[in-house]
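> Residues per chain are reported as follows:
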Amino acid sequence: MSDSLLLPHGRVLRYSFHERLMHWLAALSYIYLLLTGLAFWTPWLFWIAVVLGGATISRELHPWVGVIFMVAVFWMYRAWAAQMRATERDREWWRALPHYIRNEDEEVPAEERFNAGQKSLFWGFFWCGIVLLLSGLVLWFPHWIPWSLRWLRLISVILHPVAALVTIALFMIHVYMGTAVERGAFGSVIRGDVSRKWAARYHRAWYEQVVRDSAAKE
Amino acid sequence: MSQANLEIRRISGHAGPVPGAGVKREYEVAKLVDTTTCIGCKACEVACLEWNGLSFSDTTFQNSYQTMPETAWNYWNLIKFDEHERDDGGGMMLLMRKDQCMHCEEPGCLEACPADGAIVQYANGIVDFQQDHCIGCGYCISGCPFNVPKFSPDSRKVFKCTLCSDRVSEGLEPACIKACPTGCLHFGTKDEMKELGETRAQQLREHSGFANAGVYDPAGVGGTHVLYVLHDATNPEAYGGLPKDPQIPWTVKLWKHPLKWLGNLAMAGGLVGLCVHYLRYGPKTVEPDQEIPKQGEQP
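The listed protein sequences derive, respectively, from chains A and B. If you read the first sequence in my numbering, its first letter stands for residue 1, the second for the next number, and so on. If you read the second sequence in my numbering, its first letter stands for residue 1001, the second for the next number, and so on.
Chain A extracted, bound-state conformation (with noise of 0.2 Å):
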């Protein structure tokens, strides 16, 4: 990076542009799934198709906007499968993962930009995603199917929802920790930025060697 991560004003710069056009392409393109799938997958929530202009249009559109998501999560992966390689700390966040619940941060080790729960976050919905693109392929067009090859059929209406239910528990996760739990985080996925203390405190290690980076270039 040409530029030091670090701005005026106490701020600290925590997400590119590209990382976060990156970001809400996914997002907004997995809250429609989310909301037209479990209209798909329940009787009781099949009003959701209705209002967001009917079930038919529904389930012609969720194949593409899948389509969409898969090509912001190989996306995020060409940015970010380096960063999210597990390392030797992710074990020790993982031992104190449940100071991490009880917000007893001063118990926890320094995290990198990428905690070990944000690494797993990463890679389960990589991994999800690959099995719901070639589940939705099949279930996309089922009636190219041969009857002799029925099974990809079988197997693709199971894997799809459990698949899309393993995502909706990380999404849950990551959504509560994103808005409620850790402040400034929402507004460094929107804005970019980050304060200095916010980073020290959450990603010690990565602020570390931010700041380290940047007094190696002055």
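Please note that the accuracy of each hint is not assured.
Covered stretches of chain B (chain A as the covering partner; in silico rule of three or more C-beta atoms under 8 Å from a C-beta of chain A) [claimed, not checked]:
(1) 1137 to 1143
(2) 1256 to 1268
(3) 1276 to 1283
Examples of chain A residues toward chain B, derived with CB under 8 Å [stated by the list, open to error]:
(4) 40
(5) 42
(6) 43
(7) 153
(8) 154
(9) 182
(10) 184
With a cut-off of at most 30 Å between alpha-carbon atoms, the simulated DSSO-like pairs for lysine-lysine come out as follows [said to hold, decoys possible]:
(11) 1194/B x 1178/B
(12) 1284/B x 119/A
(13) 1194/B x 1253/B
(14) 217/A x 197/A
(15) 119/A x 1260/B
(16) 1178/B x 1150/B
(17) 1150/B x 1253/B
(18) 1284/B x 197/A
(19) 1150/B x 1042/B
Just so you know, the hints here were simulated from the structure itself, not pulled from any lab data. Glycine is no exception: its CB is placed at the ideal position from the N, C-alpha and C atoms.
Once you've looked at the hints, dock chain B against the given chain A.
Showing chain B alone in chain A's frame:
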């Protein structure tokens, strides 16, 4: 067989109870297809197209009498021809089975369908697709153990045999039944048809040397409202791949029953859990030791 029999018993993708179920006296109807007296004339195929206003499709030549390999969205009734060598050295038999929707008592298509009211089962046992409610997802294709529902690329809806529910509601027999010249097709209440089929099967066993003759009414889907008399009921596969023990696919059952309830429970439980976590632990704070200014004090 009056319109009372178009009372609905089951509705696909429907939240809440079925309106009107169990109110009136219900006759269950059935079609009986006696494959032993079918001559393969295809009058039933033509009658089906005529009555339902379907256009004649191109036929494909497969070196047999077969009109086309399988039913299509605009071709709901097809005789399957199979050359079968008899085990007892009695020579070759041409097996002919009229293939169409079986109108299962427990329909896999309806089970798999997410669209409210796109598939209904009438009190008389007919399973009918309501294309105006169909969303074209094709889950019914996956749910059916008989390869019946077919997707129309033009309208993006799924179609199949209606058992001529429009004719039945007016007290008429289905069009295929009316057209059959040999009397191998019968229509009546399920009990009557079952009895007639068993009588015919007994006749075949006792007088025609078909020791395994029997009626096809598969229990795996709760019985069907289309019954077959087969020369050899132990080998239904020989009749154009009629499944021996058809079931709603286990993945469809798993998806629609335990997974659905577990998933709903997990999602609701997750939401409650997050709310409880917030009430108990609240947000993580960046400046834990920052003092909140007291009232009246200048910050």
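> Does each hint fit the structure? Answer for all of them.
A quick look at each hint next to the structure:
no. : hint            : result
1   : 1137 to 1143    : holds (count 5)
2   : 1256 to 1268    : holds (count 6)
3   : 1276 to 1283    : holds (count 5)
4   : 40              : holds, 4 Å
5   : 42              : holds, 6 Å
6   : 43              : holds, 4 Å
7   : 153             : holds, 4 Å
8   : 154             : holds, 5 Å
9   : 182             : holds, 6 Å
10  : 184             : holds, 7 Å
11  : 1194/B x 1178/B : holds, 19 Å
12  : 1284/B x 119/A  : holds, 20 Å
13  : 1194/B x 1253/B : holds, 28 Å
14  : 217/A x 197/A   : holds, 22 Å
15  : 119/A x 1260/B  : holds, 28 Å
16  : 1178/B x 1150/B : holds, 25 Å
17  : 1150/B x 1253/B : holds, 21 Å
18  : 1284/B x 197/A  : holds, 13 Å
19  : 1150/B x 1042/B : holds, 20 Å
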